[in-house]
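*Asks:* In case you want the letters, here they are:
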Amino acid sequence: MAVIAAIFLPLLAAFIAGFFGRRIGDRGSQLVTCGAMVAALVLSVMLFIDVAINGHARVVPLANWVASGDFHVDWALRVDTLTAVMLIVVNGVSTMVHIYSVGYMSHDPDKPRFMSYLSLFTFMMLMLVTSDNLLQMFFGWEGVGVASYLLINFWFEKKSANDASMKAFLVNRVGDFGFALGIFSIFIIFGSVEFGTIFPAAAGKAHATFNFLGWHVSALDCACLLLFVGAMGKSAQLGLHTWLPDAMEGPTPVSALIHAATMVTAGVFMLARMSPVFEYAPTALAVVTVLGALTAFVAATIGMTQFDIKRVIAYSTMSQLGYMFFAIGVSAYQAAVFHLMTHAFFKALLFLGAGSVIHAMSGEQDMRKMGGIWRLIPFTYAVMWIGNLALAGVGIPGVFGFAGFYSKDIILEAAYGSGTAVGHFAYWLGIAAAFMTAFYSWRLLIMTFHGKPRASKEVMDHVHESPVVMTGPLTVLAIGALIAGIGGYEWFVGHEARAEFWRGAIQVLHAHDSIHAAHEGREWVGVLPLFVGLAGIALAYVCYMFVPGIPATFTKVVKPLHVLVFNKYFFDQIYDVLFVKPARLLGFGLWKAGDGAIIDGLGPDGVAKTTRGVAAGVSRLQSGYVYHYAFAMVIGVVALVGWFYFKP
Amino acid sequence: MADWPILSLTTFLPSIGALLILLVRGEEQAVARNAKALALATSLLTFIVSLFILVKFDPSSAGFQLVEEHSWLPALGIQYLRGIDGVSVWFVLASTFLTPVCVLASWDSVEKRVKEFMMSLLLLETMLVGMFTALDFVLFYIFFEGVLLPMFLMIGVWGGPGRIYAAYKFFIYTFIGSVLMLLAIIAMYLQVGTFDMRVMLDHTFDPSMQKILWLAFFAAFAVKTPMWPFHTWLPFAHVEAPTAGSVMLAGVMLKMGGYGLIRANLQMLPIGSATYTNLVFVMSVVAIIYTSLVALAQTDMKKMIAYSSVAHMGYVSMGIFSANAQGLDGAMFQMLSHTVVSAALFLCIGVVYNRLHTREIARYGGMAHNMPKYAVVFMLFMLASVGLPGTSGFVGEFLSMLGAYEANTWVGLFASTGLVFGAAYMLLLYRKLFYGKLEKADVMAMPDLNAKEILYFAPLVAIVIMMGVYPKSFSSVYAASLDHILSHHRDALAAEGLTPPVANPASAFVPAANAGTMSDDHMAAHPATTETPGTEQATEPSTTETPASETPAGAPVQAEPKADANPDAGH
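These protein sequences, in sequence, are chains G and W.
Numbering follows the UniProt record's numbering, with no gaps: position 352 of the first sequence is 352.
Numbering follows the UniProt record's numbering, with no gaps: position 233 of the second sequence is 233.
None of these hints come from the bench; they were simulated from the model.
Hints should not be assumed to be uniformly reliable.
To be clear about the criterion: a stretch of chain G counts as covered by chain W if any three or more of its residues have a C-beta under 8 Å from a C-beta of chain W, and this derived list gives those stretches [to be verified]: (1) 166-173; (2) 237-248; (3) 468-476; (4) 589-595.
Calculated cross-link-like contacts (lysine-lysine; reagent style PhoX-like; alpha-carbon spacing at most 20 Å) [unchecked claim]: (5) G/K592 / G/K581; (6) G/K568 / G/K556; (7) W/K432 / G/K158; (8) W/K373 / W/K437; (9) G/K159 / W/K472; (10) W/K432 / G/K581; (11) G/K369 / G/K452; (12) W/K452 / W/K56; (13) G/K159 / W/K432; (14) G/K457 / G/K159; (15) W/K437 / G/K158; (16) G/K592 / G/K568; (17) W/K472 / W/K373; (18) G/K159 / W/K440; (19) G/K559 / G/K457; (20) W/K440 / G/K158; (21) W/K115 / W/K211.
Note that CB positions come from ideal geometry on N, CA and C, so glycine has one too.
Produce the complete structure using the sequences and hints provided.
*Replies:* As structure tokens, this is what we get:
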């Protein structure tokens with residue numbers, strides 16, 4: 001019962017706020033949605049204790065869904081440790097964002113609609129994480145996509161929001177194309193898409209081959225790679241990432257909830273959920289590692305060059321997602337989920353903190369027009385510090401560390417500890433990204449809060465700390481960023497305790513157990529990320545506080561490189577030329593030339609024209625002149641005689 | 001009404017209504033009002049009567065039910081023979097359900113010759129129901145052609161400015177196809193000596209003859225469906241047709257093609273179907289991609305939806321000839337979903353067309369501001385058309401793609417690109433209609449949905465969600481029939497030493513002998529435990545050695561078995 005309530009309360013609230021928002025008013029909608037979320041959060045905590053701590057994992061069947069021949073799928077809620085963790089993350093962050101939105105959206109006329117969308121999103125995300133089969137996961141997967149589309153486009157009169165929302169939906173659909181093919185492949189291989197059937201059977205299919213597009217390929221590798229394409233779309237991995245920065249067009253609470261803490265981590269969740277299958281797909285894991293590492297690196301480089309405060313954090317999100325993926329690639333699924341959890345807290349904190357800044361600065365998002373406001377909004381300044389310390393992974397080994405200190409380190413250690421070539425590749429790119437992460441985080445802090453004010457006088461006069469309804473959630477998330485790492489470490493990735501905690505929700509082959517290797521690994525492997533992080537912070541101070549001329553000089557020196565990175569490696573432009581424009585042209589060409597000239601020209605119009613032509617010709621023959629007929633007769637006779645004469 | 005000839009009643013009630021409307025005399029306005037009232041009453045009564053078909057239908061039986069058999073022209077072997085099975089029953093209901101909806105939708109929008117319009121609509125219903133329930137091939141042919149007449153009138157009389165061209169295009173296409181079908185029917189009659197479709201279903205036609213007959217039927221149904229490249233009549237017909245015409249055309253008439261492909265091509269001519277499977281696959285896949293791209297380029301919203309219909313029907317033909325359970329189920333479900341969704345989308349277009357009298361997408365914009373209810377309804381049907389899980393569009397699309405993927409991975413791959421292309425044009429349409437600033441004065445002046453419009457959208461909304469969340473409520477009616485069709489199809493092919501197309505036979509995945517060496521105890525953590533009994537996965541290990549081949553770079557990080565792997569959890 002608790003499971004059902006925890007998941008369907010947000011749907012009920014979304015329904016009430018969406019359809020009766022006008023009747024119950026703004027305040028009513030906010031109360032209904034926030035109340036439902038708080039209740040769902042309390043239930044999730046109870047579930048977490050019951051499932052993860054006391055070990056009562058369960059599957060709650062709801063109803064039959066799709067049945068066709070051997071293909072049989074039920075609506076069912078699966079709650080094991082992995083799901084319980086996700087329930088806490090999703091409902092926790094979502095509740096904070098709901099409450100925060102009451103303050104943040106206080107000037108917006110469409111409050112019920114906004115709250116309704118937020119709750120709808122939460123429901124879809126909960127369906128995703130509680131799914132007991134791939135099809136229901138796909139339901140949640142697409143559902144969060146739609147909710148994200150609606151929320152990015154919340155201010156729908158803005159053209160940029162329209163563009164961004166369509167882009168998000170379509171790029172995600174490209175990923176879903178892979179996901180759907182992955183589901184098909186899983187069904188063909190296992191004869192089912194239900195986890196309870198797939199997981200125990202995976203080992204037996206390890207060497208099976210599979211006919212994909214005429215090639216015989218390893219069945220599980222093929223299926224897992226296709227699923228990974230889906231994860232790439234949702235989790236903005238390199239190649240299918242272009243929608244994420246644009247998604248910042250949505251209101252800031254949306255960015256915090258969907259595009260940082262929850263939806264974008266769905267890909268990580270999916271791969272962790274499918275760990276029993278991925279373990280037997282070594283090629284797929286290697287690809288995941290390489291692509292994750294590249295994403296972490298590339299996104300960090302872009303993050304160092306951007307000026308929009310939200311975009312910097314967006315690229316940071318993409319980079320951190322890259323970490324999670326290469327953790328999965330080296331079979332450190334628990335570490336990936338650990339980082340997912342800590343990241344949810346500190347990244348939501350950073351986004352909501354940025355929202356508080358934007359709120360204070362009357363909607364300004366460009367860091368070049370900020371500065372010198374830390375005395376004016378000290379609380380926001382403090383929570384941004386905490387968020388950035390957690391993101392950069394600062395801590396004193398053995399004593400205390402902010403959330404990222406634990407989760408990022410274990411990922412890097414596991415990558416190194418896996419002992420594979422791709423693992424080492426990921427480790428070194430990860431170290432480089434950690435350096436850049438610290439650098440752009442303090443670049444953001446200094447540009448936003450320190451130095452001389454660069455905003456206009458009216459804006460500066462208006463700078464104010466946010467109301468309590470916004471600072472309250474920030475406080476909760478800040479506490480999360482402080483303690484999530486140290487508190488969760490033993491459970492998630494501890495040497496001994498993790499088996500007890502996960503209870504088989506994640507399965508790893510012994511030979512792949514990189515977390516074990518991480519604990520046995522060398523000292524410097526784990527300390528290096530901290531040092532490069534501190535170095536990055538120091539460099540940011542030098543560049544943006546002590547010697548402010550350096551960035552300008554440096555960008556001049558490496559101009560071509562800077563142009564490339566500043567323009568996000570021209571992904572958007574390349575895709576536009578390769579896909580968007582050709583699709584338009586092709587569509588128009590097929591319509592005019594294909595349908596118009598060829599099909600109609602040779603088909604009905606052609607037939608009609610020919611018929612008319614022949615008829616006209618025949619009617620011309622009937623001229624009525626005797627000599628015409630006589631002439632025709634002569635030709636006929638000549639032809640006949642000729643035929644008899646030359647006949648073989 | 002236990003023994004009433006319920007199929008005939010459903011078929012001819014609308015005709016009786018049409019006759020009554022013919023008798024209406026008086027002032028023009030009174031005539032219009034009475035004709036509308038009569039049409040609504042008749043169509044509602046017919047719908048209620050048709051519900052009894054559903055009640056009396058036994059879904060567990062695969063054979064024809066509610067059969068009515070009367071001798072008609074015995075000298076020619078022609079009977080008055082009616083009956084339904086799982087394949088046809090929903091189409092009958094779709095016809096009787098959409099007709100009152102169309103009457104309501106035409107209530108204010110049809111202004112000239114109201115009496116004649118309502119009569120055409122009711123006659124169309126008679127023809128459609130007659131066609132889906134005919135079991136004698138001559139009867140089938142008569143109704144099949146008879147459908148054209150009222151539709152032709154609706155386009156030709158109440159259509160737009162280009163109606164003559166549209167009607168003539170419609171005629172050339174369908175006529176050529178139908179003539180070939182008539183020849184095929186006669187050829188089959190000469191073989192079996194009766195027009196009884198039940199006899200023909202059981203008869204095995206000569207393989208070489210099947211290949212020719214198949215093409216003849218295919219010509220007729222591919223035009224109706226319509227399949228690429230026989231689709232170009234559809235956009236013109238839709239654009240010129242009044243809203244009710246478009247709704248009936250997209251909602252039910254296109255399904256005549258899919259119905260025929262199942263009934264005649266797949267069921268009666270299995271060898272022919274196996275022979276031409278690849279042809280159908282190519283045509284379907286081209287339809288899905290090609291028409292989606294063409295839809296992207298449209299500036300007329302009716303044309304855009306018309307092209308999207310072609311793409312959606314591409315899934316249907318692909319699914320049918322995948323000849324597996326998922327493909328056929330998917331095709332059937334896709335047809336039912338398309339019935340509701342395309343009808344609803346054309347009704348949606350009708351809403352704004354009635355207010356502004358243009359179909360030009362660029363004339364609208366920002367309607368989410370002043371028409372929020374309309375925006376919500378349109379959004380739902382847009383998402384259903386895009387195939388969002390939880391709406392009706394998903395189940396059919398997903399199953400037919402799965403079926404195609406099982407038959408041929410290339411076909412499944414190309415068909416799945418429809419996920420992206422299909423979303424592109426619908427989102428583009430929605431965006432241009434509803435988002436952006438509300439600037440145009442006449443668009444601003446449009447009122448939101450009125451009570452009558454809400455009245456006919458409400459059941460459509462409910463059906464779309466019902467079909468998406470609990471598809472069994474619809475699929476259980478035809479499951480037994482489709483099962484029977486498939487097993488019959490397989491047997492027929494097996495007799496000729498053929499099999500349906502399969503990319504990966506299930507036998508390929510039976511665990512190989514060496515695969516057993518990897519089992520759960522190599523997992524660092526223990527298998528997932530659920531409290532549902534029977535899902536335990538405790539296969540006992542046979543060996544404890546991990547094959548080196550699974551570590552990507554061959555690095556044995558740790559060889560010793562893990563001591564702390566808890567033996568059991570959660571029990």
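*Asks:* Does each hint fit the structure? Answer for all of them.
*Replies:* For each hint, the structure was consulted:
no., hint, verdict
1, 166-173, "holds (count 4)"
2, 237-248, "violated (count 0)"
3, 468-476, "violated (count 0)"
4, 589-595, "holds (count 4)"
5, G/K592 / G/K581, "17 Å, holds"
6, G/K568 / G/K556, "18 Å, holds"
7, W/K432 / G/K158, "12 Å, holds"
8, W/K373 / W/K437, "18 Å, holds"
9, G/K159 / W/K472, "41 Å, violated"
10, W/K432 / G/K581, "18 Å, holds"
11, G/K369 / G/K452, "10 Å, holds"
12, W/K452 / W/K56, "32 Å, violated"
13, G/K159 / W/K432, "11 Å, holds"
14, G/K457 / G/K159, "29 Å, violated"
15, W/K437 / G/K158, "8 Å, holds"
16, G/K592 / G/K568, "36 Å, violated"
17, W/K472 / W/K373, "29 Å, violated"
18, G/K159 / W/K440, "16 Å, holds"
19, G/K559 / G/K457, "34 Å, violated"
20, W/K440 / G/K158, "16 Å, holds"
21, W/K115 / W/K211, "46 Å, violated"
Hints 2, 3, 9, 12, 14, 16, 17, 19, 21, counting from the list given before, are not met by this structure.
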